[in-house]
Structure formats: structure tokens, C-alpha cells
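Count the first sequence with our numbering and you get residues 427 to 840, in order.
To be clear, the hints were calculated from the coordinates, so they are not data collected in a lab.
Computed from a prediction, not measured in an experiment: that's the story for all the values here.
Just to be clear, a hint being listed does not mean it is correct.
The calculated lysine-lysine pairs, modelled on BS3-like cross-linking and capped at a C-alpha distance of 30 Å, are [to be verified]:
1) Lys681 with Lys636
2) Lys578 with Lys490
3) Lys642 with Lys601
4) Lys636 with Lys544
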Amino acid sequence: MASLQPVRGTHDLLPEAMRAHRRVIETAREVAERYGFDEMATPIFEFTDVFRRTLGDTSDIVTKEMYTFTDKGGDELTLRPENTAGVARCFISEGLAQDVPLKVFCGGPMFRHERPQKGRLRQFHQIDIEIIGVPGPQADVEVIAAGAAILKALGIGDLTALQLNTLGDAESRGKFRDVLVAYFNDHLNDLSEDSRDRLERNPLRILDSKDEGDRKIVAGAPDYADHLNQESADFFAGVTGGLDALDIAYTLDPKLVRGLDYYTHTAFEFTTTELGAQDAVMAGGRYDGLIGTMGGPETPGVGWAAGVERLVMLCGDPPPARRPVALIPIGEAAEAVALELSEALRAAGNRIDLGYGGNLNRRMKRANKIAAAAAVLIGEDELQRDVATVRDMETGEQEEVALAALEDHLARYR
RNA sequence: GUGGUAGUAGCUCAGUUGGUUAGAGCACCAGAUUGUGGAUCUGGGGGUCGGGGGUUCAAUUCCCCUCUACCACCCCA
């Protein structure tokens, strides 16, 4: 292996992989647009505080996964580990409160210093959508429906399943947290080491523990449904009612918890069994407190993010590249003609591969290798009669076409 | 971050119980075919056996460290 390696957890996107990648993003963007989401983008890095203050001081992302650095001007900056905080910052600094409800679609690279695995990279790509400024559950339903529609459009609706839960509003969440902490404190000695740590940082996470001993304790833990206040219960009923009306199937999962602090009410994940431990393919929820805690006007929000690499792995082979037409001049005079001709044909919308050197045999081989739909041969005799020999690479049939008619003739290969 | 499995040609792999020039298939290049691709045949290039150190007369093979990928945990998209 060469000593020159890509940085751990980063990938090159070679043309074939890039096509698969773009298909996912473009399909998602096109579907999201039908749901009324406009694409926008925020910078790839922000002041570190944007993430530190919003994701929660105890989250793994903030405590050990951020790519943080001091730039030459002395500013503390961080490569974004997720997109929502940046959108919220943009909402505040661009004064978008008057554009509410705001519906946006974003896509781009994210960075987390995690230990890489399949489906888990240090530079990875997400697409996400957000609705900001709608307090009611209709927005949650619309966001989930758009996500389901995207998965369906990608042909992987059957490979994913929607898990749904509610975290309640701030009041419910706080109360339930207290109840949970009290319960788990009674079983402190039987909890796993990880979960004792979680008890300090994010007690709700214990509900999701994979440790067998923990699971026994969790089985007897208080049920969140009993601790939701009326408003939270009504809100959740609005979400499930909307999904039912749209025939969007879901599984209620009381153990589904979000890792990031800013979530309230609805939490959901589209999961798959195809990717091992990295089973979440699209995940999100409501974040009513986020913009307020960042210092903006109290504004509700809901959205999700999906991992492009994970979606790509579910999607299978990418679409083939557009087949070019190989333009093959033979002889110096023909070279000069072909150079100008290639420009004209490209301007007309053709994908033209103008070969570089080599004899005819060699160039035909190249035409075959690049999967050319047709080869256009221009030699001395063709040149004298102002024609080209057009060979259909699929059938092997050839015909002479006047140079003036070439553009029309090649239209079939576009 | 913790534990585990693995790294031999561009790719998929074989092999070496430590011993001369490390192999195959596919891919690539050239020729057979100096104006015609795919098939076939012939020939060719390409490897510091992931990297570093140690043991040894001798290491791709044994030992240690390290890097990377993968699996589980953790976390999450």
C-alpha cells in the first residue's frame, strides 16, 4: 500500500461513487421541492460556540468529536458536525423571523472525529430539511412525510422502517428525567458502567442500553407515557393522527431518544437492518427551544438529517454515465476540422470525446472503453467530400453523413 | 475512546512449516490487424508482501510497535 493515504475516515468520491452520491442528493432535493422546501446552504465552519451552546455540553459530539481549531485571526472555529445549529444561527443572524414559516433543504459534508466503521466516516455527507416557525404537529407530519417520500423515490422505502417517539415538552421532559434518575439511582449498583455515566449526562439514554443487566432494570422503569402533560400528549396525538391519515406506517418506540439536547416532542428515525450497527438512515425531531437558547426569538422548529453514504449503500448500483460520442479524426487536416466540429457539437448539447493521438485502432478501442454510443470518423476521403462516417457502436452499422447534417444526426445519441 | 478480525499487483485472492528470480484470474499496455472497437491468440509492464523496529546466517513468514479497513461496544446520519 502506498504511504500516501487519505486521512482516516475520509473517502475519495470517484466518478462512479459520485454519480451514486449525486443521485441521492438530487432525488431528495427534487422531492423536497415538491413539499415546498427550498435549497440553501450555510458555511462548513462556524464559531465553536454555535455548536457548543446548542448541542449540549455533555453530548458526545461536543465533548469529543468536534474538529475544532483556532484560525490565524485567533477565532475558535469548528467544522460543522451537523447542520441544524448552523441553520438556526443563520435564521437569527439573517433576521429570517419575518420569513416564517421557513422551509429549507440543505446538503453537504459534516465532520465528526469518531472511530470509523462502515457507514460511519469522519467526513460524511448529510441532506436535511427543516421547518422553522410552525408550532403545530402539522409540520412534524409534513417533515416525516417528505422523508418517507424521498426514501420511496430512492427505491428503498421497503428497506427502512419509521420509529417514532415523543420526548414531550420541556416541562414533561424535565419531570420525567427526575423520575427516571430517582428510579435508576435505586438500582445504581446493578447498572453497567456506561449507564452510570449516562445517568449523569443523559439519563434517557439508559432506556436504549444494549447491556443485558441494564435491560432488566429498564423493563421496570417508569413509562414516559404516564408522565406526559396534557399538552404534550395532545401534540403527539396530532402527529400520529396525521401519519395515520397519510398511511405512513410507524412503530412506537418509547426507547427512541435523541442524543442532542435541543430536541423536544417528536423524535423519529428511519432505520434499516441492512447496515449493521449503523442502523439510522434518517433521523430527526422537533427542536422548539433551540433558536431561543441561541439568543434568537423563541421560534419552534422541526426537521431531520439523513446520511448520504448510508442511503447510497442501500440504493445499489448508480445510474450509468451519459454515453459520449467519440470524434475520431485521421490525419492532420482532419484534426483541425474535428477540433472546431467538436466545439459546435458540444454547443448543440452532445457529449463529445475528442481522442488524443494514436492510430485508428487505438482510438476505436478507446471509444469502446468509454462506452461511446457512436464513433464519428473523419479521414482524408471524408474530408474531400464534406462527410463523416458515423458508426453506431451498439449495432456496428455505419453510414456517411454530411458534415452539415451531423448535428441533427447525432441528436439521437444525446 | 474500549475490545476483536484482517492487510500479498489497480481489483479479487493463492502461497511461503523462515531459504535463490513471490504466483493466478480479472484489469492495464503492445502486437497479430500501418482507415475500424467488443471476441481470440501472443508478448509485456506492474509488488520496497501496509509502515517501522527486533530476533536470525537469512524475515513476506516469528515477536513488538504503528497505520488503515472491517466487526462489536460507544455514539449516531
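Requested in this report: Enumerate the violated hints, using their earlier numbering and listing them in ascending order.
Outcome: Going through the list in order, the structure violates hint 2 alone and respects the others.
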